[in-house]
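J.: If you're matching them up, the sequences are chains A and B in order. Position one of the first sequence corresponds to residue 1 (our numbering), numbered consecutively onward. Position one of the second sequence corresponds to residue 663 (our numbering), numbered consecutively onward.
Just so you know, the hints here were simulated from the structure itself, not pulled from any lab data. Honestly, I wouldn't trust all of these hints.
What the hints assert, rightly or not - Part of the chain A face toward chain B, derived, beta carbon under 8 Å:
#, residue
1, Gln131
2, Ala460
3, Ser464
For glycine and all other residues, C-beta sits at the position ideal for the given N, C-alpha and C.
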Amino acid sequence: MLSGDRAFDLLESVPGVVWETRFETDGRQAMLYVNSAVESLFGYTVDEWMHTPDFWARVIHPEDSERVAEEIRRAVDSCRDAVSRLRIVAREGRVVWCESHYMIVCDERLRPVGLRGVTLDISERIRAEQQYLEQKERLDGIIQSAMDAVITIDESHRIVVFNRAAEQMFRVAADQAIGLPLETFLPEKYVRAHRGHIAEFDRTGVTSRSMTRPGAIEARRMDGSVFPIEATISKVETPGGKLFTAILRDQTEKVRRETRQAYLAKASRIVASSLDYQTTLSNLAEITVPDFADWFAVDLLTADGNSLELVCVSHRDREKVELARELRRRYPVDLKSPMYRTNVVNTGETEFFPEIGDDVLTAAITDPELLLITRSLGLRSSIAVPMRSRGRIIGAITFIQGESNRYYDNLDRDTAEELTGRAAVAIDNARLYRDAQQAIRNRQDILSIVSHDLRNPLHAIEISAVLLKRLAGDDRLEKPVDRISRAARRAMALIEDLNLVAKIEEGGGFRLAREAVSLNALLEEVQDGFQLLAQDKGLTLSVERIEQDATLSVDHKRLYQALANVISNALKFSPAGSVVEVGARRDGDAIAFRVHDEGPGIPAEHFANIFQKNWQGENAKDFGSGLGLYIAKAILEAHGGAVSVESAEGEGTTFFLSLPVS
Amino acid sequence: MKPARVVIIEDEPEIRESLAELLEYEGYPTLAFENGLVGLRYFEESTEDPCVILLDLMMPVMNGWEFLTRFRALGRAAPVVVVSAVSETPEVGDIEAQAFLRKPIDFDVLLATVQSFCA
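Put together the whole structure using the sequences plus the hints.
T.: Have a look at this one:
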């Protein structure tokens, strides 16, 4: 047992206010005892506490007094010990946070007669608590206001944190989400793998890492819709257990943009890969349906500009494609009619229906049967884009979403416009190419018709001239008849040249009928062929045989033609009295024919031109225009050889025709 | 005995007539037809064999290739010389002809060829 003095000393040494009160009949409390700690804590003297009636009611913070009075009343009523938090306004106005622990004092008949308790200064604790709360609020604020969805789960994979971004991303309120297993928000196919991921992540002890590359994983909303996400996960150990926090970012837009870029890049490759626009369009249809559209249709403006031709229509269902074609047959487009006034090929503007309501259909389609059929197709959303090429509208591409229940947005409209632009370029290129091909074919046809049809009458002229000469027996007829003959032969030769040029131009060169030909025999043939012509012009033709004859494997007729063309050219430009030299030289594995004249020469800048068929140089006449040298070059090249020229103005010209021997 | 004739089958009238006159002048009796069909009709009626047939290839109604096939199908063995502007030998390679003369015709070569069959 403690003696009275010692008990008093003990009470005085408590670092808190020890006190006892008694309930007065007027409801107030009279202070029976208070220790001196009250002075150091609050600045009021023991006397003030003891002798001022209801002193505590004066010093308690006004905001707390009512609540504390209530708490005491309840404690008294239930006859239980209680704790109250209250603020005391100290003498100098300082507010001291306190905690009072008190018990009810009862008399022998168990009637409450007063309170006995201890009041402690808890300012430090309160400060710490406030600090904690502030920190927590700040943290919550950060998490809640984060742009990324933040979801924390405990060790049993139950959601404990679900921020506002998560609410928006998953379209569910946090209070509904918290407590649910995380798997609720994962597509079925990921659930098992996901548990494994978390377990492995936990085991490896890495505190944070990106879960996968973007777009590779998906999340699921409460309504079942699935969308791509990027996620990072982190782990914290708390006294309550491990917590895993996932930070999620919706990748829908990013994946869409990537998909769109890939789609357009593919389209560009397709457009560049073919000059046949039907092929191009069906390839474009293939990459468009069903990824970007359920329906893909390309219309081209007809030549008269009054209608549209459906040149490509694509849908996954063959029957639907047939239906579309059938509808177009039954309801041909008349662009001049009021129904098509707003057609994109008339307006030149993209027509975009994010949502095709019945009002859209009834406004666009006047025919009741067509309206009925169109309604049954379940069209949801559409984009129609006019195709332009070099400022002219050439048709339109229509993209429609139907049974897939997807709806287009502005990004899709941009994509559709980009794709249509590429398709228009493809069609334009194909048309230009087709026109160019047609023009070439026309020219070749004319060339071949003209040369074939000219040959027969010329031949008749020639035969008749020969006949005339034989029948006449009159010397005076000889010269004019010979002239007719020569002119007819020249015209025939020219036609042969034209024919050969046509063959060269058809591509792939012409066929060579190779045979073994003696080099010296060929030179002799040249001499026989041109001797008389040279003499007529007062020229000397000097043909030099080669010492060691060689056997060539060549098209005899063609090679002779090439040599003849070059020699004719030399004879044509040689002044009277000059010499034209023809020879051949072995040059390693090649034979080089040489044709030299003493004519005016060719300026070096024309060397490259003279072998061209279409050379139209101002001095063309002076150096030999026409087809001769062009043909000679083509013949030598067909044999794997080449033609070259050396010349200087006033020093004559030398042509070299070289041929590989083997 | 009457000398055997030279038959000319050629659609171009000027060429056909000139050839015929020239050969007549050189002493060969001639018979000329304007296409393969007319020629074939003649040989279906006449059993007389010519010493040589000068045959053009590109002709309307019936061309030279078809004429030759059907002529041989009649069991006729008269020599045939193809006279054509068709230049590539492979195109006439399959033809059962005894010689090939390319247009424009060189008269000396033509006369030498005719002489070799009709001497």
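J.: Each hint should be assessed against the structure and marked as holding or not.
T.: Consistency of the hints with the structure:
The interface hint given for Gln131/A is violated, since its Cβ lies 104 Å from the closest Cβ of chain B, which is over the 8 Å cut-off. Checking Ala460/A against chain B: minimum C-beta separation of about 3 Å stays under 8 Å; hint holds. The interface hint given for Ser464/A is met, as the beta carbon of that residue sits about 5 Å from the closest beta carbon of chain B, less than 8 Å.
Of the numbered hints given earlier, the model fails hint 1 alone.
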